[in-house]
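Make one complex out of these two single chains by using the hints.
Protein chains in written order, with the numbering used here: chain A, 1 to 353; chain B, 1001 to 1343.
Some hints here could point you the wrong way.
[As the list claims (entries may be wrong)] Which residues of chain B face chain A? A partial, calculated answer using Cβ under 8 Å:
#1 P1196
#2 A1245
#3 G1250
#4 M1251
#5 V1260
[Stated by the list, open to error] Calculated from the model, a selection of chain B residues having no Cβ within reach of chain A, i.e. all distances over 10 Å:
#6 Q1083
#7 S1094
#8 L1139
#9 V1242
#10 L1264
#11 L1289
#12 R1304
I should point out that these hints are in silico values taken from the structure, not numbers from a laboratory. We put the beta carbon where it would ideally sit given N, CA and C, even for glycine.
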Amino acid sequence: MKDTQQKNVKVSIKHLYKIFGEDPQSVLPRVKEGLGKTELLEQTNHVLGLNDINVDIHEGEMTVIMGLSGSGKSTLIRHLNRLIEPTDGEVLVDGENILDWNESKLRKLRRETMSMVFQKFALLPHRTVLENAGMAMATRGQSRKDFESEANKWLDRVGLDGYGNQYPHQLSGGMQQRVGIARALTSNSPIMLMDEAFSALDPLIRTDMQDLLLELQAELHKTVIFITHDLDEALKLADHLVILKDGAVVQQGEPQQILLEPSDPYIEDFVSDINRARVLRARSVMEEGAPSGEVSGEVDVNDNLESVIAKAGGDLDRSFAVTRKGERVGTLDMATIMRALVPREASRDTARA
Amino acid sequence: MATYDGVFNALGLREWCDGGQSDGPMSMDALLAQTGGGSEKTFWDFPFPSLDALNEACGKIPQSRDLTVGLEQGFLAIRDALQVVLDPVTQPLSWLLRNALHVMTDTPWWIVIPILLLVCWAVTRSLKLVGFVAIVIGLLAFIDHYEYAMQTLAIIFVCAFICVLIGVPIGIGMSRSDKAQRVIIPILDMLQTLPPFVYLIPLIFLFSVTEPKLYGIAIILYAIVPVVRLTDLGIRLVDKDVIEAADAFGMTSHQKLFGVQIPLALPNIMAGVNQTIMMSLAMVVIASLVSAPGLGVLVLRGIRNLELGVGLVAGFGIVLLAILLDRVTKASLARIDASQSSR
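This is chain B alone, in the form it adopts within the complex (with noise of 0.2 Å):
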C-alpha cells in the first residue's frame, strides 16, 4: 500500500496506472515495505511526490533512474550523427597536438631551451626573467622531468592559441551586440562553473580515447572562457569620446575595429589570454585521467599508487610552470600597455 493510491483512485486513473503492468525494478522502500510486512505509515514518514513515490502508487510514472537513463540513451542515439560531425571538425586538433608533442619531445633539449629561452626574450625583453625560465626549465631537466613538462607545455601552448584564435573573435561579437551578448554570457557561466569532470564523460563517448583531440577539447572549453570574456569587455571599455571622434572623421566599422577598438582594448585581451593560459595548466592536470600526457600523468600515478613523492614533485613541478607562463605573459602585458596607454 503506497501512500499515493489514494490520489490515483480518487482521480479515477487507478486502471490506467494497473493496465500493462511492467513487473519493473522495485525500489528499495518498496522491498523494504514488502519484507516489513506492510508496517503502518505514520504522517511523519509521509514522503514528498517524488517520481519514485508515485512510481510506487501507480506503474505508469517513470521512476526517477529512468531520467539518467533516458539522458543517456538520447546521447547515445545521436552519438553517431555527432560524430559525423565533429570527428572531421575536431581532427586538426589532434593533429596539432600530436605534431606539437612530437616536436617538442623529439628535438633535442639543446635546441628547444634555448628557443624557449629567445622567445622569452622576444615577448618580455627582460634578462632576469629569461634567467627565471632557464633556472625553472634547468631545474625540472635536472630532476629527469623535462619530457613531461615539454610535454605539457606543447599541450597549453597548442591550447591556448586555439581558444584565443576562437575566443577572441566570439568576444568581438559580442561587444557589438547586446543580444549576442545575453545568450553567450549564460554559457561561459556554465562553462567555468560545471564541474571539469563532468563534460570529460560525454566526450569519452564522442571520441575514442587514443585520440589527443579528447583532453584537447576538455581543455579548450574550461579554457577559453576568460579571453571571451575580456575580450568583450575590454572592447566595450574603449573611450566612447574616442569611438565618437572615429565616427565622426567617418572611419568605417572595419577600420574603427581594427584601428582603434582592438588596439585600444589589447591590454584586456592580453590579461584573458593570461588567464586562458592558468586555466589550460588547471585543466590539463585534470586531462591526463583521458590520457593527457604530461606531468599530470604523475600526479595521478602518485594518487593511484600513494607514490608521495612522485605526486608531489610534480605537483612541484606544475607550481614552477605555473608562475614561469605567469610572469612571461604578464611581463609581456606591461610591455603593451607601457607603450601605449594614457592611463
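Isolated chain A (complex conformation) (with noise of 0.2 Å):
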C-alpha cells in the first residue's frame, strides 16, 4: 500500500469558495450557511462553481480529480495556477497561500514551479513543434540555443523524435498532445496540471497517452494534478482520487477504498458500471496475516482479480497467498474475490443493465 502519510503536502486546498455572478461576495455568508446550487441560482441569480473544497495534493503523487461536466472540476484547476480568482478560501503551495502573492510572483510560479496541459492542446500555431515544447524556457528569457537540447530530450521521451522542425497543425491530435505534454515536461516544473489532457483524444490513442504518462510518473515522481470525466481513466491513473459533484467534494481517497466504499449513491451509482475484477488489486480485498492452510499459489499486492482469476484458471475452491516484496502478507481465496466483485448492496438499479 503507499505511503501518503509519509509524503508532504505540496499542494494544498483550504474551504475555497467560488462563486460567478453580479456581486459574490454579497451572496458568499448564504453559500457558507448552505445555500445549494439551484437555490442560489433562483434566488440571486448567482452560479455556484466551487463550494468549500479542501483537498491535499500529496508531493510526488496522481492526484485525479473526477466530475461529469459542469461539476467545476475545470474551474478548480485553474484556481491553482489563479488563471481564475477565487471567491473566498486558501491555495497553500509548499505552505504558502498564493493569493497573497502579487502578479511578478505569481508570474514565477506560473513559469517555474506549474505546468500544464490543456484538453485542446493550445499549441501555439505559428510556432514550430521544437518551438512549442520549448514555450516555457523561452517565456523565461532564454535563447531557442538554451532551450534546443532540453526540448529535444523531452520531445524524443514522448515518441517525438524528429518532428521539431514541424508544425502542430501538420500533426495528429494525440502527437499534438504529446507536444503538450513535452512542453510541461520541458519547464521542469515539481508540479504538472492536466486539464482533461486526454478527453479530446480517441480511445486507443487515449489508453497510449495513459500509459505513457504511468512510465513518465514511474521515473518522475511529479506532483500531477489530473482532470478527467471518465471514471476508468481515473482509477486507472489515481493515487487519490477526488470526486466532484455540483462544486462539492463529494468523496476522496485511496481509489480502491471508493470503489468499494462508496460514501454516496451519486458514486455507487457511478462504479456499478465498472469492470471491477480489472480495478480492484489483491491488497484492498485480501484478508490480512499469513496462509493458515493450504495455498495454490502466490499472486503479488498488486496484481488485479482479472489475473488472480486468471491464474485460477476459473477454479472456485482455490486460494491463494499474497505476497509484498516476497512475505505472505495475507490471504485471498476465489470466494472473497467473487464477493468483491458484486457491487455493494447489489444495488437497485443493478437491475436497469
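As C-alpha cells, this is what we get:
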C-alpha cells in the first residue's frame, strides 16, 4: 500500500469557494450557511462554481479530480495557478498562500513551479513543435540555443523525435498532445496540471497516452493534478481520487477504497458500471495475516483480480497467498474475490443493466 | 402677422421679442407674405415651429442659417489655435509625400519599374503576378500615363504606410479595453460614412492648398478605418485556449502581445491593410479636387472639360492599379496564412 502519510503536502486547497455573478461577495455568507446551487441561482442569480473545497495534494502523487461536466473540475484546477480568482479560501503551495502573491511572484510560480496541459492542446500554431516544447523556457527569457537540447530530450521521450521542425497543424491530435506534455515537462516544474488532457483523443490513443503518463510518472515522480470525466481513466491513474459533484467534493481517498466503500448513492451509481476485476487489486480485498492452510499459489499485492482469476483458471475452491516483496502478508480465496466483484448492496439500479 | 405671434403674446414675451428690434434679413416667406398683402393663412399651411417660423413671430429667436454661420465663425475662431498645433504635427506628412512623389517620378523608369517588380516578387513569390504587374505598368507607360500612375502610387504608399503606423496601435489599444472600443467604434463609423467631400472643407480652411498634407490627411482619415477595425477584431478572435496557455506559462502581457496575439492576428491585420490600400486609392481620386496629383487629375479634367476620352482612359488606369494592388496584397496575405494557420 502506498504511504501517503510520509509524503509532504505539496498543494493544499482550503475552504475554497467560487461564485460567478454580479456581486459574489454579497451572497457568500448565504452559501456558507448552506444554500444549495439551484436555490442560489433561483434566489440571487449567482452560479455556485465551487463549494467549500478541501483537498491536500501530496508530493510525487497523481491526484485525479473527477466529475461530470459542470461539476466545477476545470474551474478548480484553474485556481491552482490563479487563472481564475477564487471568491474565498486559500490555496497553499509549499505552505504559502498564493492568493496573497503579487503579479511577479505569481508569474514566477507559473513559469517555474507549475506547468499545464490542456484539453484542446493550445499549442502556438505559428511556432514549430520544437519552439512549442521550449515555450516555457523561452518565456523565462532563454534563447533557442539554450532550450533546444532540453526540448529535444523531452520530445524524444514522448516519442516525437524528428518532428521538431514541423508545425502543430501537421500533426495528429494524439501527437499534438504529446507536444503539450513535452512542453509541460521541458519547463521542469515540480507540479503538472492536466486539464482533461486526454479527453479529446480517441480511445486507443487515450490508452497509449495514459500508459505514457504512468511510465513518465514512475520515473519522474512529479506532483500531478489530473482532471477527467472518465472514471476508468481516473481509476487507472489515480493515487488519490477526488470526486466532485455540483462544485462540492462528494468523496475523496484511495481509489480502491472508494470503489469498495462508496459513501454516496451518486458514487455507487458511478462505480456500478466499472469492470471491478480489472481495477480492484489483491491488497484491497485480501484477508490480512499469513495463510494458515494449503494455498495453490502466490499473487502480488498489486495484482488485479482479473489476473488472479486467470491464475485460478476459473476454479472456485482455490486460495492464494498474497505477497509483498516476497513476504506473505495475506490470504485471498476465490469466494472473497467473487464477493468483491459484486457492487455493495447489489443495488436497486443494477437491474437496469 | 406670423403664425406663432399668439404663442409669444400668451407667454408675455412680446416685449422681450420686440426689444432692440434687429432688422435682420427677412426670410423669403416673410417677403412673400408682405407682398401678398397678408393673405389669409389657412389651417393647411400651418408651419412646423422651426427656427425660421419662430423668428418671424419673435425677432429674438435666431434663424436657421445663423446656425451654419455660427459654426463657420466658431471654426474660424479656433482655426489659428488649431493651426499652431496641427501644422507642426502634420509637417512630416507633407515632407514624406513630397519626397515620395519626387523619388517615384524623377527616378528614371528603368530603375523604378524593376524595383517595383522586385518588391512584388519579394512579397508574393509568384512569377505570374510579377508578370501581370509588368504588363499593367508597361501598358500605362505606353499610353504616356506613367508619371500620373507613379504619382498615384507614391501617394498611396505613403498614406497606407501611415495608416498602418497609426492604425495598428489604435486597433491593439481597442482590443485590450472594451471602454476604448466603445469610444472609438462610433468615430470609425462616422469617418466611414461621412461623405469624403465633407471633411475636405475644414481641411481647406486649415491648411494651404499648396501643402501636400492637405490631401494626405483626407486620404488617411478615410482609409485608416479598416486597418483599425480588423486589427481589433483579429486580436479579439485569437483562440482563447492559446491565450490561456500563454497565461498559464507565465507570459507577460508584452510577450503575449508580440509572441502570440499579433502573429495570430496577422492574417486579419493584413486583410485590413489590403482594404486600407483600396480605400486610399478611392480617395486619391477625390483628393485631386484639392490638388492631389496623379490619375485623379485626369479624371477631374475629363469631368470639367467634358473630355470623355481623357476621363475614361484615366479611370481605366485607376481600375488597373486597383486590381494590381489588390492582387499583390492578397497574394502576400495568402502566403502569411499558409505559413502558419491551422485553419
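Structure-based check of each hint:
The beta carbon of B/P1196 is not positioned within 8 Å of any beta carbon in chain A (closest approach about 37 Å), and the interface hint is therefore violated. With 8 Å as the threshold, the beta carbon of B/A1245 comes within range of chain A, its nearest partner Cβ sitting at about 4 Å, so the hint holds. Contact between B/G1250 and chain A, as hinted, is supported at the beta carbon level, the nearest pair being about 3 Å apart and thus within 8 Å. Interface hint status for B/M1251: upheld, as the beta-carbon distance to the closest one in chain A is roughly 5 Å, under 8 Å.
At a threshold of 8 Å, the smallest CB-CB gap from B/V1260 to chain A is about 6 Å, leaving the interface hint in force. Listed as outside the interface, B/Q1083 is consistent with that label: its C-beta sits roughly 45 Å from the nearest C-beta of chain A, beyond the 10 Å cut-off. Every CB of chain A lies more than 10 Å from the CB of B/S1094, the least distance being 39 Å, so the non-interface label holds. The non-interface label for B/L1139 is consistent with chain A: the shortest C-beta to C-beta separation is roughly 39 Å, beyond 10 Å.
A beta-carbon of chain A is positioned within 10 Å of the beta-carbon of B/V1242; the least distance is around 5 Å. At roughly 6 Å, the least C-beta separation between B/L1264 and chain A is not larger than 10 Å, which violates its mark as non-interface. Every C-beta of chain A lies more than 10 Å from that of B/L1289, the closest at about 44 Å, which supports listing it as non-interface. Every CB of chain A lies more than 10 Å from the CB of B/R1304, the least distance being 52 Å, so the non-interface label holds.
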